[in-house]
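Chemist: Sequential numbering of the sequence shown, starting at 5, is according to the numbering used here.
Don't read these hints as lab results, they were simulated from the structure. Careful: at least some of the hints might be erroneous.
Each computed DMTMM-like pair below joins lysine to aspartate or glutamate, with the alpha-carbon atoms no more than 25 Å apart [said to hold, decoys possible]: (1) K387 to D231; (2) K449 to E393; (3) K387 to D193; (4) K302 to D269; (5) K449 to E258; (6) K302 to D460; (7) K302 to E393; (8) K302 to E510; (9) K387 to E497; (10) K531 to D571; (11) K387 to E313; (12) K387 to E258; (13) K449 to D383; (14) K387 to D494; (15) K531 to E346; (16) K449 to E497; (17) K531 to E249; (18) K387 to D194; (19) K449 to D460; (20) K531 to E313.
Here are the simulated distance ranges between beta carbons [claimed, not checked]: (21) P150 to R246: 44 to 54 Å; (22) A235 to E133: 24 to 34 Å; (23) V371 to N621: 28 to 38 Å; (24) R544 to E151: 21 to 31 Å; (25) A401 to P456: 14 to 24 Å.
Ideal Cβ placement from N, Cα and C applies to all residues, glycine included.
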Amino acid sequence: MRNRKLTFGSGVAVELATPEAARASGNIHSVHMSDFLIQIGDWVSTDAVSDALRGREGMRELRISQFRFPWGSAVVQETRGLGYDPASVNDRVCFAVGRPRIIGVTHEVEGPQGFTRRWAGWVGNADFERHYRNLTGLFLLVSCGPEGVELVTDRLGFYAAYVGRDRNGRICAIGTLPNLVARAADRLDDLDLVSVGEFLVRYTPTFPHTTYRGVTELTPGSMHTFDVSVAPATHTSRSLWRPVEPPRYPRLTELREHLTCALRDAGQELTRGAERVAVTLSGGIDSRTVLACVPPEKRAAALTFLDRENYEYRVAQCAAAGFDVPHLALLREREFYAGLPEREAALLGPIRTAMHAHGMVLAGAAVQFDLVLSGLFADALLKCYFAPENVRATLAARLGVPAWLRTRLYARRPAWDDPTRPASQWAVRPQIQRQMQQRAAIRLKEVAAIRPETADEWINFYPASRVSAASYSMGNMRLFASDELFLYRDILEVACSCRPLPKMMERLTAPVFAALCGPLAHIETTKTGLPADLGWLQTRLRLRWNRLLRRDVPRTNGFNDAPWFADHSWVDLRMLQRYSAAWAALRRRAAGAAGVEVLAAVLQIDPRRLLTGFNENLSCEFQVAAVQLALTLGETVLGAVPEPVLADPMQTST
């Protein structure tokens, strides 16, 4: 088994089956679902849905299964994994999306339906919350029967599901791709202009909106029931988990102990049933910790993405050698990032700006591993990445920074219409800006009801599907068997129980990560060029001293032929957009696409001028989003664009 490779058939087999026929045939294979579309009614032919799913990059070899019900149909696409075959029990078809895990259970050894049959046995159980506590991972659970659909979302809503309603408000479709749901609800030409503005400025619409009116994301950590026994169909939800703040914040020593145990358990549970596990290893301490948590006998390789051999690769190479695992370099082509806006949107749908799609490089190499484990989300959950300004000011006060200096360091942020604001709101029409503000206020109030003290922080990543970097993992999960260690159940509980300040000072994570990594924590990190276990205060003092001596860590390789190459995992977007010939060609094509009319309805600047050259007054991400929208919404016919209604910001999604 150690040298096993996953293999796939040469063609795409399409199953047409009723629930009873599927159960009787036993023609099920060892895979789990990547994407699906459930239709209440017969709006789009199942063959057309199948063609749309398998027409995406890397998806053609995956078999499509179609199930018919008295009220409609379900079309699901398979991907890599073991133990998640759809199961038909008591006239219901149950299947899983993503990689759900039952704590302490090895699904793979229980046969091709090992996980799904257990989940099918939980449907309708009044004590479902107890079962839910034993689940972890990034997933959707779906059960379809004569009376309707039940769907369960994971804790942070990482693997998103969407519901589509037609123009009369009737539920038409449920699925994992917003553009496919919009197609089934006949809303592809009904764009939500406020969401388009948010896409440009914030890189994704405010939850639960999408770029299509009438298509919204389902709430995380919930059981969603769609009852088709009445006309029109109804939707109700029941909360199973929320990231509530604790009545008493635990002491730091308690949190460190809980986090250490949770990380070790995550490494054991997520790799259960796998023999060859690869870890995506960067030059930082987070991914090093993921590798440390994988049982030594299962460590098959460390994988590092790069454009050319760079500083991060050399640091990761040292870490891999310390763990005694093979280190594989995954090279991106020279103009890789110039192709992402279309490739990523075609794979995942237009829900966030396309900036992260490493999985498209890894897909060919990943088949030799049972699992590829990554460390995404450590920054959001356990560090200071989303710490608001008031938290930073509090930290400065505790460190003795005088009030007059704190006022200068943490001054109020620029106004929405300030051209110097990095987020570039000034380019959006004022009436759309106001609706964007209203939506953000509504969402902040919703999160504050769950987390009163830390709403400013959690609104940035709850649900997790709305973080731009989420497309990295979501692409991986569709292209090969993968998972995220930091989204393990018990690690989420630690994150919910921690104040922002210890995370910002890394008083929680740094000692825990260093202890787990052992001597390998002495290796420098790419970000600082200093040992990972140096400590928060020592690191900042050394960084300040190095800056005074002009000893900064190099940030670019200085390649004349590709100046956008960097010394870390990501591309230098500013250099790419200014000097890449492929990106210039992409801009020119976007400037001539029909989607420019969508941008013209949202922006108060000329979108064609925006697309024909790099704009120094707009963020790089804004310009990526503009290109992506112009290209991916090119088939949309807007017609007359109505003025946004300001009285009710929720109206744009109804």
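Chemist: It remains to establish, for every hint, whether it holds in the given structure.
Modeler: Against the structure, the hints:
no., hint, in the structure
1, K387 to D231, "42 Å, violated"
2, K449 to E393, "18 Å, holds"
3, K387 to D193, "41 Å, violated"
4, K302 to D269, "15 Å, holds"
5, K449 to E258, "30 Å, violated"
6, K302 to D460, "39 Å, violated"
7, K302 to E393, "42 Å, violated"
8, K302 to E510, "29 Å, violated"
9, K387 to E497, "15 Å, holds"
10, K531 to D571, "10 Å, holds"
11, K387 to E313, "28 Å, violated"
12, K387 to E258, "17 Å, holds"
13, K449 to D383, "24 Å, holds"
14, K387 to D494, "16 Å, holds"
15, K531 to E346, "30 Å, violated"
16, K449 to E497, "22 Å, holds"
17, K531 to E249, "31 Å, violated"
18, K387 to D194, "39 Å, violated"
19, K449 to D460, "10 Å, holds"
20, K531 to E313, "16 Å, holds"
21, P150 to R246: 44 to 54 Å, "32 Å, violated"
22, A235 to E133: 24 to 34 Å, "31 Å, holds"
23, V371 to N621: 28 to 38 Å, "45 Å, violated"
24, R544 to E151: 21 to 31 Å, "59 Å, violated"
25, A401 to P456: 14 to 24 Å, "21 Å, holds"
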